[in-house]
Amino acid sequence: MHAAFLPRPHRRATRFTPIPIKTALPGVHACVGFVPHALQHGLRYGLKQSIKPTCVHKPATMNAPIPQDLAARARRQAEVVAALTDVLPASCLLWQREDVTPYECDGLSVYRQKPMVVALPETEAQVAAVLRVCHHLHVPVVARGAGTGLSGGALPHAEGVLLALSRFNRIKAIDKLARTATVECGVRNLAISEAAAPHGLYYAPDPSSQIACTIGGNVAENSGGVHCLKYGLTVHNVLQVRGYTVEGEPITVGNLAGDCAGPDLLAVVIGSEGMLMVVTEVTVKLIPKPVLARCIMASFDDLRKAGDAVASLIADGIIPAGLEMMDKPMTAAVESFVHAGYDLDAAAILLCESDGTPEEVEEEIGRMLAVLQGCGATALTISRDEAERLRFWSGRKNAFPASGRISPDYYCMDGTIPRKRIADMLLAIQGMEREFALRCVNVFHAGDGNLHPLILFDANQTGELERAEAFGAKILEACVEMGGSITGEHGVGLEKINSMCVQFSPEELEQFLAMRRAFDPAEHLNPGKNIPSHARCAEYGKMHVRGGRVAFPELPRF
Numbered sequence: 071m072h073a074a075f076l077p078r079p080h081r082r083a084t085r086f087t088p089i090p091i092k093t094a095l096p097g098v099h100a101c102v103g104f105v106p107h108a109l110q111h112g113l114r115y116g117l118k119q120s121i122k123p124t125c126v127h128k129p130a131t132m133n134a135p136i137p138q139d140l141a142a143r144a145r146r147q148a149e150v151v152a153a154l155t156d157v158l159p160a161s162c163l164l165w166q167r168e169d170v171t172p173y174e175c176d177g178l179s180v181y182r183q184k185p186m187v188v189a190l191p192e193t194e195a196q197v198a199a200v201l202r203v204c205h206h207l208h209v210p211v212v213a214r215g216a217g218t219g220l221s222g223g224a225l226p227h228a229e230g231v232l233l234a235l236s237r238f239n240r241i242k243a244i245d246k247l248a249r250t251a252t253v254e255c256g257v258r259n260l261a262i263s264e265a266a267a268p269h270g271l272y273y274a275p276d277p278s279s280q281i282a283c284t285i286g287g288n289v290a291e292n293s294g295g296v297h298c299l300k301y302g303l304t305v306h307n308v309l310q311v312r313g314y315t316v317e318g319e320p321i322t323v324g325n326l327a328g329d330c331a332g333p334d335l336l337a338v339v340i341g342s343e344g345m346l347m348v349v350t351e352v353t354v355k356l357i358p359k360p361v362l363a364r365c366i367m368a369s370f371d372d373l374r375k376a377g378d379a380v381a382s383l384i385a386d387g388i389i390p391a392g393l394e395m396m397d398k399p400m401t402a403a404v405e406s407f408v409h410a411g412y413d414l415d416a417a418a419i420l421l422c423e424s425d426g427t428p429e430e431v432e433e434e435i436g437r438m439l440a441v442l443q444g445c446g447a448t449a450l451t452i453s454r455d456e457a458e459r460l461r462f463w464s465g466r467k468n469a470f471p472a473s474g475r476i477s478p479d480y481y482c483m484d485g486t487i488p489r490k491r492i493a494d495m496l497l498a499i500q501g502m503e504r505e506f507a508l509r510c511v512n513v514f515h516a517g518d519g520n521l522h523p524l525i526l527f528d529a530n531q532t533g534e535l536e537r538a539e540a541f542g543a544k545i546l547e548a549c550v551e552m553g554g555s556i557t558g559e560h561g562v563g564l565e566k567i568n569s570m571c572v573q574f575s576p577e578e579l580e581q582f583l584a585m586r587r588a589f590d591p592a593e594h595l596n597p598g599k600n601i602p603s604h605a606r607c608a609e610y611g612k613m614h615v616r617g618g619r620v621a622f623p624e625l626p627r628f
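No gaps in the numbering here: position 231 of the sequence shown is 301 in our numbering, and each next residue is one more.
For the record, the hints were derived by calculation from the structure and aren't laboratory data. Errors might be hidden in some of the hints.
Said to hold, decoys possible - In silico lysine-lysine, DSS-like type, Cα no more than 30 Å apart, as pairs:
| no. | residue 1 | residue 2 |
| --- | --- | --- |
| 1 | Lys300 | Lys355 |
| 2 | Lys544 | Lys375 |
| 3 | Lys359 | Lys467 |
| 4 | Lys300 | Lys184 |
| 5 | Lys300 | Lys359 |
| 6 | Lys242 | Lys355 |
| 7 | Lys359 | Lys246 |
| 8 | Lys246 | Lys184 |
| 9 | Lys467 | Lys355 |
| 10 | Lys490 | Lys544 |
| 11 | Lys242 | Lys375 |
| 12 | Lys398 | Lys375 |
| 13 | Lys467 | Lys300 |
| 14 | Lys490 | Lys300 |
| 15 | Lys467 | Lys398 |
| 16 | Lys467 | Lys490 |
| 17 | Lys300 | Lys242 |
| 18 | Lys375 | Lys490 |
| 19 | Lys375 | Lys300 |
| 20 | Lys355 | Lys246 |
| 21 | Lys359 | Lys242 |
Stated by the list, open to error - What follows is a list of derived Cβ distance ranges for each label pair:
| no. | residue 1 | residue 2 | range |
| --- | --- | --- | --- |
| 22 | Leu326 | Pro268 | 16 to 24 Å |
| 23 | Leu450 | Lys300 | 15 to 23 Å |
| 24 | Thr193 | Ile357 | 28 to 36 Å |
C-beta atoms are modelled at their ideal positions from N, C-alpha and C, and glycine is treated no differently.
With the sequences and hints as input, model every part of the structure.
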């Protein structure tokens, strides 16, 4: 059923995240995508039905290829399928339209593109063989894990092979002495901690989709989570990755000792969004599970006081296990949904967690309370037991679906700013709400300045979609102006590729491309993602004229 034609009560009951984006890739439809919250938040609702996005592109008949193009594509597909049939069993190869449709998008369903072929290898030898075939035939390759990404990073290429690695789901080894786990790329994030639990260990990075997302996807996006402030991102918790180059040659980056001679290529590969190599195996660090964890809910009657409290905690030398913030509109939405016990009179609340031994937690909680009181907290509530701690966190983790209950549509942003500018950004967003006549609710990883403003709108109301787009673009520009970044954890993919032109200079983008070409000269691995061309920035630049100067004036507009 088309989401645009659902009666309003039903649309609100089945929430999807709209993310309006534009794309220049041939055959890719730009539309208002609706990401199931079941996918975003650990399959919370267990949705079975796939609901198509509300598209804003031209009618399909106007975009349809001419018959000659269809014939050429059919010949090309037959050539690729024949070559892959020689290296893969029939059960590992899909190319019929109905078979490849489930792979047409990732968690950001704003983009839908059916791949020419889907390869489902079961062994590393098969991965290498697929890559060699594609390299020989000059066929683009896009690697995919669970498809939970929120930036369009795993969107298939219309003339390429989608390399689905979901069958690489084996945990090879848990070394309790070395505190490491060696797993295949398709192993779920949470499954690593479950396997390590009998040894009193766990894997620290905990993205919201950890019940479904794979470690290979985490490596591609450098995933974090609510505890990344203390325990780090994926890059801080991985020792080694193995996989294959675009030519199908084996490559190992990093080592089990945790150090390296020469440039740190492991840090280059992690977060490269599948453009440098295809990862098949990952060795991660494991850490002891904390004996105790307690959470403080701090209320503030002023946004600036709450923002300043975040910076003050870190400045005092405290590194909380988790440090999250929600403004009043967000807490109101969440409280009516999950009844977490939030203070609805507060302009903003902070969730500050301490973990460790009972003695460590008691000492750190005391220091946190002193800082929060000094910053003007109007109320401080400490979790009395594990159930209450989990209830506090349930509100934070259900912020997105709670927002879906109060607005027909919303646009989720993902930018970062320095901690000391949190209050400035929240006040700036309030001004943007008035400018664009749209509401915005705010929730974010305050400890590392990673914002998730949710712009509320109704795509069925004339002009609201366009205002939401402009609102989102202005938030990302403000992030850059305040010394931050256009993305914190969702990646660039296709969603933010235009904004890369705002954050980085032509010289910087050229260096990014040079690094990419050092691994993949023809740019066949995940093409069209992450790093924009100068021509693309020139096109985007026509919308960003500052002081009468347009970006890249020497390049043509089209």
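We went through each hint and held it up to the structure:
Note on Lys300 and Lys355: the hinted pairing holds, with a Cα-Cα distance of about 15 Å set against a maximum of 30 Å. Our distance criterion of 30 Å between C-alpha atoms is met by Lys544 and Lys375, whose separation comes to about 24 Å. Between Lys359 and Lys467, the direct Cα distance comes to roughly 21 Å. Compliance with the 30 Å bound is thereby established for this hinted pair. At roughly 40 Å between alpha-carbon atoms, Lys300 and Lys184 are farther apart than 30 Å, so this suggested pair is violated.
Restraint check: the Cα-Cα separation between Lys300 and Lys359 comes to about 14 Å, which is no more than 30 Å; the hinted pair holds. The suggested pairing of Lys242 with Lys355 holds, with an alpha-carbon distance near 14 Å, which does not exceed 30 Å. As the CA atoms of Lys359 and Lys246 are separated by approximately 13 Å, the hinted pair is consistent with the 30 Å bound. For the proposed pair Lys246 and Lys184, the alpha carbon gap of about 43 Å is over 30 Å, so the pair is violated.
This hinted pair checks out: Lys467 and Lys355 have alpha carbons roughly 25 Å apart, not beyond 30 Å. Restraint check for Lys490 and Lys544: satisfied, since their Cα atoms lie roughly 20 Å apart, inside the 30 Å limit. Simply put, Lys242 and Lys375 have alpha-carbon atoms about 49 Å apart, too far for the 30 Å limit, and the pair is violated. A threshold of 30 Å between alpha carbons decides the hint, and for Lys398 with Lys375 the separation of about 14 Å falls inside it, so the pair holds.
A threshold of 30 Å between alpha carbons decides the hint, and for Lys467 with Lys300 the separation of about 18 Å falls inside it, so the pair holds. For the hint linking Lys490 to Lys300, the alpha-carbon distance of about 18 Å falls within 30 Å, and the restraint holds. Only pairs whose Cα atoms come within 30 Å are accepted, and Lys467 paired with Lys398 is accepted, the gap being roughly 16 Å. Taken as a hint, the Lys467 and Lys490 pair is honoured in the structure, with Cα atoms around 24 Å apart against an allowance of 30 Å.
Straight-line distance between C-alpha atoms of Lys300 and Lys242 comes to about 27 Å, which keeps the hinted pair within the 30 Å bound. With a C-alpha separation of about 11 Å, the suggested pairing of Lys375 with Lys490 holds against the 30 Å cut-off. Under the criterion of a C-alpha separation no larger than 30 Å, the hint pairing Lys375 with Lys300 is consistent with the structure, at around 23 Å. A threshold of 30 Å between alpha carbons decides the hint, and for Lys355 with Lys246 the separation of about 10 Å falls inside it, so the pair holds.
At most 30 Å may separate the alpha-carbon atoms for a hinted pair to count; Lys359 and Lys242 meet this at roughly 21 Å. Judged by the Cβ atoms, the range 16 to 24 Å given for Leu326 and Pro268 holds: they are separated by roughly 22 Å. About 20 Å separates the C-beta atoms of Leu450 and Lys300, a value consistent with the hinted range of 15 to 23 Å. Hint check: Thr193 to Ile357, Cβ distance near 31 Å, so the stated range 28 to 36 Å holds.
The structure does not agree with the numbered hints 4, 8 and 11 stated previously, though it agrees with the rest.
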